[in-house]
Amino acid sequence: MSRQPTIGSKTDGRVSRRRWLSALGVTGLSALAGCSGEEGDEGDTDGGGGDGGDTDLIIGEFPRFGVDDLYGETVARTLARKAFEQSDHDYGFDGDDMVTPDGNQVELDIYHSAGQETSQLMAEYIGQELEKNLGIVVSVEAIDGTRFNNEYWTAEPAGGTDTVNGEEIEWTRPTPQNPGPQSVASNEAWDMSVVFGLNTYPLNPLTNEAFFDGATAAYNPVGYYPEFDATGLFETARQATSRDGLREAFVEIFENLAREQPYIMLVLGDDLVGYNPELNGPSENFSNGWDFPAWHVGDPTVSGSYDTVSAAGFSTLNPLYNTEAGAGTAVGRVLDQGYTFDDDQEYFPLLYDMSTENGEVWTFDLRENLTFSDPYGRVTAADFVYLVQAVHQSDWANTAAALSWEGVEVERTGEFSFQATLETPALLWPQSYDPLLYPIPRALLEPYVESEDVEGLQQDEELLELQFSGNLGAFTLDEWNRGAGTTYTRNDEYYLRDIDEGPDRFADGPFFEEASISVVEEQASRLGALETGEADAAGIPPEQFQSYEENEDVTVREIPTPYNRILSVNQRANGWQTGPGNPFQITAFRQALAAAIGKKDLIQGIYRGLADAHFTWQPRWSTFYPGEE
Amino acid sequence: MGFGTYVTARVMWAAVVSFIIVTITFLLLAAAPNPDVQRAATQAALQGGDPAAAAERARELRGLNEPLHVRYLDYLRSVYTLDWGWADSRSQPVTTALAEGLYYTAQYSVPWTILTILLGPLVGVYSAANMYSWKDHLATGFAFFGYAIPNFFFGIILLLIFGVWLDVIPVVYDTSVPVFSVANAVQLSIPVFVLVTGSIGAVMRVSRNESAEFQHAAFMKTAKAKGVSPLRAYAYHVMRPTLVPLSTTIVGQLLALFLGSSLLVEKVFGIPGLGRVTYNALIAQDTNLVLGATLAFTFIAVFGNLIEDLVFTVLDPRISYDDR
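These protein sequences, in sequence, are chains A and B.
Terminal number for the first sequence in this note's numbering: 639, no gaps in between.
Terminal number for the second sequence in this note's numbering: 1068, no gaps in between.
If you're looking for bench data, these hints aren't it; they were derived computationally from the structure.
The structure displayed is predicted, hence computed values, not measured ones.
By construction, the Cβ of each residue, glycine as well, lies at the ideal position given by its N, Cα and C atoms.
A few of these clues could be false.
What the hints assert, rightly or not - Partner residues aside, some chain B positions facing chain A, computed with beta carbon under 7 Å: (1) 804; (2) 833; (3) 835; (4) 915; (5) 972; (6) 1014.
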C-alpha cells in the first residue's frame, strides 16, 4: 500500500499531540512518545483501517492498558498509527492487516517456556489478541529457558554510546543482560517472549533500579530507553530522608513505567499452595509463613510432624553460600535470620532489632538469650561483626551476602549491639534484605579466615549440616539426605519462646514434634502426597485449582507474589525481524501492544481468576503503587 | 588358547579400553572451556575488576596453567585412586554422591534385573511352546503393552491408583526404612513392576523367536524320542541355546535401560538413585559429578561386556577363544 503525506493529517497529528500534553500535565511531558519525535514530513496512513478516532485518545498519568477504555482494536490501532508517524519507515494498515513498507503483513515470533502450559497458553493468547486487534501474524515457538537465556536474552558485553532522550550516554559497565546500546544484540534474533517474568520488589522498590535506572541499567536485555528522567528519580528516591519523599519519587517512577511499558506488563501471578485443611496458620498474604512457630494442627498442642515437599534437591545448606529459595526454607527450619516482615509487611525482629535516625547509621540490637551449640556459647555482637568484616567483606570468601555488605562500615558498640554506616542513606535498608544475617560462630570461621580457605569454608561439615544451631531455630536438623530431603526434630530450647513481641502462641511453639522436607521432583507425585496427607503443604498448578478447591482433603490458599508475567519485546537491533526499523523502540507502539492484549480475559481464561492485572512495576498491595485517580 | 589365558587376555583388554576412554574424556575436557574460569572472569567484569587477571588467577588455582602431560598424569592418578573431587550441586564428594545414588538404585534394579532375566526367557519359551494359542497371544500382548507404554506414564497411573486412590503404597519414597523390610518391599513394588513390564517385552520376544527355532530341531526330536520330560526338554535343551544370542541382548539393553528408564521412574517415585544424581548433575552443570558418573557408567559398561564375553564361552562351548 502507499502512503500519501497530506497536510491535513499532519495537522491532525499535532492537534492530538497537544491534547495529550494537556491531559498529561507536567510530569508526563518527557514521557510522551509523541513530543520527543521530530516533526518530519511523515503523514498518516490511509487504507481500510480508516484514519479517524485517534484525536480523542487520552492517556492519563497512570494509564491502565489492556482494560476498559484502553483496551481494544480502536485504541490499539490509534496508538500504532501514532507510532508509525514517528517511525522512519512506512508501516501502516492495509485493511485489517498491519503491513511493512513492502506491503507484506507484519509477522512476529513469540517464545514461551517449553513444557510450561501456562506460558504456552499465554503466548497463544497474545498471538490471537495481536492478530485480532493489530492485524499482526504471530508464530508461537517453544524454547528451553536456559537456552533462551544464553542465546537470546543475554549477549557478550560490548559497551558503546548512544543518544538517549537527547543525551549522549555511554555504557561504561556493560553486563550480559545489558551488553550495550540497542545496536548491541544477542546471538540469536527474536521478536517477543514470555519466557521470563521478573520481580517487582514491592518492599524495596529501589532494587528496581537494576532494571530501569536509565538505559544503562544493569539488567536491560530488551534494550529499553526510558523517555523520562529515570536516573534522576531513582537518585531522588535514594536520597530521600522521609517515607513521604520516598513514596513521591516512586509513584512518579511507576506512573512513567505504566505509560512507557518497557516490558508489556500483563499480570502478577498468585502462588497457589494447598495445605492440610486442619492446619491453622497459613494466610493469603505476601508474608505467609513468617509466624510459622505459631502454626498448629487442631488444638495448639505439640504433636505430629510438619511435612512438606520440594520440587528440587538442595545444592548446599551452608548458610554462607546458599542462594536457593528452597534450601533457604530448609535452613530456616533450623536457623533464624535477623528479622522478618509480619502480615502488615512491617519489620519484625527475630535475632536483632534495627533502628535508624536518618537511614545512614543503623543500630542493631541483639536479643540476649541466643546461644550456639556447644562449644560456641552465646551469640554476641562480636560474632556478627566478625562475620561481616572477615568473611562477607573479604576478597576471598565470595559469600552469597558479599555484595550486600560492600561499602558498609560495621562497628561493634557493645556486647549485644553493633552499628552499620551506609555509604548512602537507605530508609528501606531492611526491606532490601541486605542486612539479613545468619548467626555463625566466630570460632568456627576463624581457621578458614586465617588460611583464606574458601573451599574449606564451602565444604565445612558443621556449616553444611547446621550443627551449631543451638537455640536459634524452631527445629534441629537430623539428616540431610542429598537426594531425598531433610528431617528435623523440635527444638525445645527455641529462643522465640521467650520473647515479648509477636503472637502469644510463640511462647509454646513450634507445635510439631518433627518436620521434614521431601524432594519429590514429579509434580503429580507431590500433589498425590498432598491428597493422601503425606505432605502438609504443596504448590498447586493453576490449571488444577478448581479440582483442589473442591477437594475436602486440601485447603487452597492464594498467596500474592511480586513476580510478574510480562511480554518482553526486543528493542535491540535484532528485534522486529519482519521489516526495516524496530517499532518496538517507539513508546506508542509498545502502548499499542499493551492496549491490544485484554487483561481480563487473560486472567479469567488462563489464570482462572488467580492473578491480578499488572499495570506498572508494582503489585497493587505495595505502598508505592500509584494512587487511584 | 586355554580358558585361563582367554580370561586374562579379555580382562587386560577391558583395562585398555577403560584407559582409552578415560584418556579421550581428558582430552575433551582439556579442549573445552572451563566454566569456573569463565564465571570468575564474568564476575570480575561485573565488579569492575580485570577479567583477564581473574581468569588467570582462576586457572592457577585449578592447576590449569600446568603443562598438559602434568595435568594428564594428575588426572589419571585421581581417576584410578577414586579421588573424583567435590560435587558442587550436592555439597559432597563425587564418590559419595555416586555411592548414595547407587545404594538406592540397586534396591530396585537388582530385583528388576533378576525378575527380567528369569521371567523374560521363561515367558518367551512358554509362548514358543504354545505358539499361536490364546496363551501365546496373552503373553505377547502383555509383552507389547509393557514395551509400548512409557514407563513414567505407567508409573504415574499406578501411583495414582495404588498410592492416592487405594492408599496402599506411600506416595513419597521413604529413605529411612531399612533395605530389607516389608515397608521397603511395598514402596518398591510398583517401581519394580513398571520396570519389569518395560524391559521384559524385548527379552520375551527374542527368546520366543529364538526358541521357536530350536523346538523342532533334531536334538529336540531325539530328546523327545528318548522320553525326556517336556520340562527338561524346554528348560535344558531349548533354553540353553536360546540364551546365547539372548545374553548379548540382555546385557546391552539392560545397561542402556539402566540410565534411561531408571531416571524417569526415579523421578516419578521420588527415588534418589543414580539416574537422578546424573541427570541433576547435568542440569546443574556440575562438571565433577558429570565426569564421575560418566566414568562410573563407562566402567560398568566395560565390565558388563567382559562378563558377557565370559558367559558366552561358558554357555556355548563351540565358541572358540582363538578367533577373539
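Do the hints match the structure? See the list:
1. The interface hint given for residue 804 (chain B) is broken, as the beta carbon of that residue sits about 14 Å from the closest beta carbon of chain A, more than 7 Å.
2. Among the interface hints, the one on residue 833 (chain B) holds; its C-beta lies about 5 Å from the nearest C-beta in chain A, closer than the 7 Å criterion.
3. Of the supplied interface hints, the one on residue 835 (chain B) holds, with its beta-carbon coming within about 4 Å of a beta-carbon of chain A, less than 7 Å.
4. Because the smallest distance between the Cβ of residue 915 (chain B) and any Cβ of chain A comes to about 4 Å, under 7 Å, the interface hint for this residue holds.
5. Annotation: residue 972 (chain B) was flagged as interfacial toward chain A, and the flag is violated, the nearest CB pair being 51 Å apart, outside 7 Å.
6. Given the 7 Å rule on beta carbons, the hint for residue 1014 (chain B) holds: about 4 Å separates it from the nearest Cβ of chain A.
Comparing the model with each earlier hint shows violations of hints 1, 5; every other hint is respected.
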